[in-house]
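Generate coordinates for the entire structure from the input sequences, incorporating the hints supplied.
Protein chains: 2
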Amino acid sequence: MQIEPQAFDRVLSSMCTKPHPVAREAAERFLATNPGDPGTYPTISALEEEAIATLGEIAGLEEPAGYVASGGTEANIQAVRIARERAQTRRPTVVMPASAHFSFRKAADVLGVDLCVVPTDDSHRIDLEAVRSAVDADTAMVVAVAGTTEYGRVDPIPELGEIARSVDALLHVDAAWGGFVLPFTDFEWHFGHAPVDTMTIDPHKMGQAAVPAGGLLVRDSDLLDELAVDTPYLESTSQATLTGTRSGAGVASAVAAMEELWPAGYRSQYVRSQNNAEWLADVLEKRGYEVVEPTLPLVAADVPESTFEALRAEGWRISRTATGELRVVCMPHVSREMLASFVADLDRLEVRASVPIPSD
Amino acid sequence: MQIEPQAFDRVLSSMCTKPHPVAREAAERFLATNPGDPGTYPTISALEEEAIATLGEIAGLEEPAGYVASGGTEANIQAVRIARERAQTRRPTVVMPASAHFSFRKAADVLGVDLCVVPTDDSHRIDLEAVRSAVDADTAMVVAVAGTTEYGRVDPIPELGEIARSVDALLHVDAAWGGFVLPFTDFEWHFGHAPVDTMTIDPHKMGQAAVPAGGLLVRDSDLLDELAVDTPYLESTSQATLTGTRSGAGVASAVAAMEELWPAGYRSQYVRSQNNAEWLADVLEKRGYEVVEPTLPLVAADVPESTFEALRAEGWRISRTATGELRVVCMPHVSREMLASFVADLDRLEVRASVPIPSD
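Sequence order for the protein chains is A and B.
Numbered per this note's numbering, the first sequence spans residues 1 to 360.
Numbered per this note's numbering, the second sequence spans residues 1 to 360.
Just so you know, these hints were derived from the structure itself, not from any lab.
What you were told as hints is all true, and nothing was included just to trick you.
These stretches of chain B come out as covered by chain A in the derived footprint (C-beta under 8 Å, 3 or more residues):
#	segment
1	25-33
2	38-49
3	67-74
4	105-118
5	210-224
6	244-254
A short, non-exhaustive set of chain A residues, derived as facing chain B with CB atoms under 7 Å:
#	residue
7	Ala26
8	Ser70
9	Gly112
10	Val211
11	Thr245
Cβ coordinates follow ideal geometry from the N, Cα and C atoms, glycine included.
This is the structure we're talking about:
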C-alpha cells in the first residue's frame, strides 16, 4: 500500500493537528498496547492515570477522575449518559446552545434523551435568559461550550453553573478544543471557576497528541460509576468506557505531549496561534469582509461561496459555518506563511470570481 | 517519557496481537489523519472504502457496506442500535448466548434495550431449543457468536438465521475475533452462509492490524442509515459512526494488513495458530488437566487457581473463563517456543503449589 496522506500545508479546517514529535514517538512506541485490558497491559494503564492527573491539573480539578476516550464525541456522549443515569425524571432533557457540537445530537439519539436547543446571542455565546426560561424539572444537564466549533466562543460558564444548580441539573463543559488554550486567557471555564460536574477536553486537538486521545473528566468518581457496567469476567469486574479495546498509542501520546508542553509549550503555542488568528482577521477586515473577531484562535469571515469553492479547488482544506462563513482554525501546524499564502490565493481567486461573465 | 511497554513474549490472554510490520508502517504513515472528516482527509476516507470492500470479501458480502469502527464493542453497540431503530415493538429485546461478549451488556445499558440471555450447551455453543423458546414479538435481534471469547466456539449460524427470520428479528454475527480464521475452516458463519444482517469483524484482532480497527458490516446500506444522525454542517450532512474524530492509523493499518495477508498469509497463520492450540491442548491433557478442545485457536483447561496465580506472578499474561479455567489465545505472536516455555513453568509451579505444607 504505497499511497501517502496529503500534507498538512493547506489544512485550515481541522481541529486536529500534526502530533508533536514526542507524541508521535510515544504513539509508535505504544502502538501495540490496549489500556482497555489493564491485566494484560499494565504499563499503559498506569500511564492513563498520569494523563488524567495532568488533564485535571490543566482543568482545575483537585481530585482528577476520568479517562482517555476515543475522542470528544465519546466524552460528550458519556457525559450525557451520566446525566441520564442521575436524572430523577422520566424524560431527561439536555439544555444546550445551538453552537454546541453535533455530538450532543448524536448522544440524544443514542441515549434516548430529549434536547432543548437554546439560541446564541449576537456574540455567538449561549443566550443566558433563554437558558433560564428553558430549564425545568426535566433538565438533567446544561451544556456549556468553552471554545465553540464554529466561532471559538466561550459561554458564560459560572452563570450557567448557577442555572444548572437551580434545577438540580449537572453542568457539562465541552472544552474539547478550548481546553489547551484557555489556561492562558482570562476566561472562567473550568472546575475551579464554576460548579462544573463533567468536562470534555481532548489531547488530540490543541493538546498535540495523536488521534485517538479525547478526555472525559468528572468532579467526583461517583459520576464515573454511573457508567460502569458489570462484567462477568474475573479479572475486571466493571468497565466505564464506551469502547472496549482502546488505543495505547493515543494514551501514550497524550502523556508525552503534556509532559513536554504543559504549561510553557502550550502557552507559547497559544500566543502564536492567537496572533495568527488576529493577523488573519485584520487582513480580511481590511479587504472588506465582515469578520467574527477571534476570541480564541479561530476566525470566521463572509467570504463568498464562489471564492470558497475556488480555494478548495486549489487544495485548501477549509470549512464553513452553518451560515456559510469561511472558518479557519489556527492550529499549531498553521504558520503565518501558510496564512499569507492563503490570503494571496484568496485575493487572486476573489478577483477572478467576481469578474462578470461578458455578455455577447 | 522514557517508559517502555512490556514485551509480547508472555502475552497469552489478549485477542489483539503485534501489528504486522506493513500494518505498523501504514499506521505510522497515516497517524495524523482522521477519516471522520472526509472533506479534510480524502485519502484516508478512500482507503476506508477499500477496507470495507476487503472485509466484505472475507465475510461473503456481495455489496459491502459498513465502516471501520473503534473496535468490536462499538460495532456490537451499533448493531444493537440498528436493531432498536428497526424494531416494531416498544420493548425491543436482544436474544444472546451467555457466551456473547460483554459489549452486548454495555449496549443494552447504553441503548435502553432488554437482554434475554440464553444458556450454552455442553459444547459451549448457544442452545438452539432455548433460543426457540426465548424469541417472541419483542425480539429485535438474535446474536450469534463466530469465535466466542472464552472457548472460541462457533454458534449454529444458519439455524439461528432461521429463528431470527421467524420472528422478524435481525441476525447479528459477532465474528470480531473469528472472522480472520473462519474462512479457512468448514464453519458456516457469514453473509453467504446464512441470512446474516449485521456483522462485527475486527482487523485489529486476528487481522493483525493496529488498534483501533474494528469492523461493522451490514448486508444492506439501508441498515447503516438507521445510524445516521443529521448534522447541521454544510460539508457532511450525516454521520453513522459512534465516534466523531477517528484514527486514520487504524484504517490504514487494516488496509495494509489485508492487502498483504488476505488470503494466503491469514491462511498459513490460521494453520500455525490452530496447530499451536492443538499442541497445547494435547500437552495439557497428557498432564491430566480437563481441556476444552480447541475448535479455533483458543484453549481452556482446569489449571488450579494457585498455579494460575503463580504463573501470573512470573509475568505470564493469562486469563480465566468465568468458571475459572485457564484460557490461552493462540494469536499470531504466540509461538511454539513461547508455549513450551509456558508449559515448563506450569510444570515447575504446579509441583511447588501442590507440595503440602509440612506439619510440625
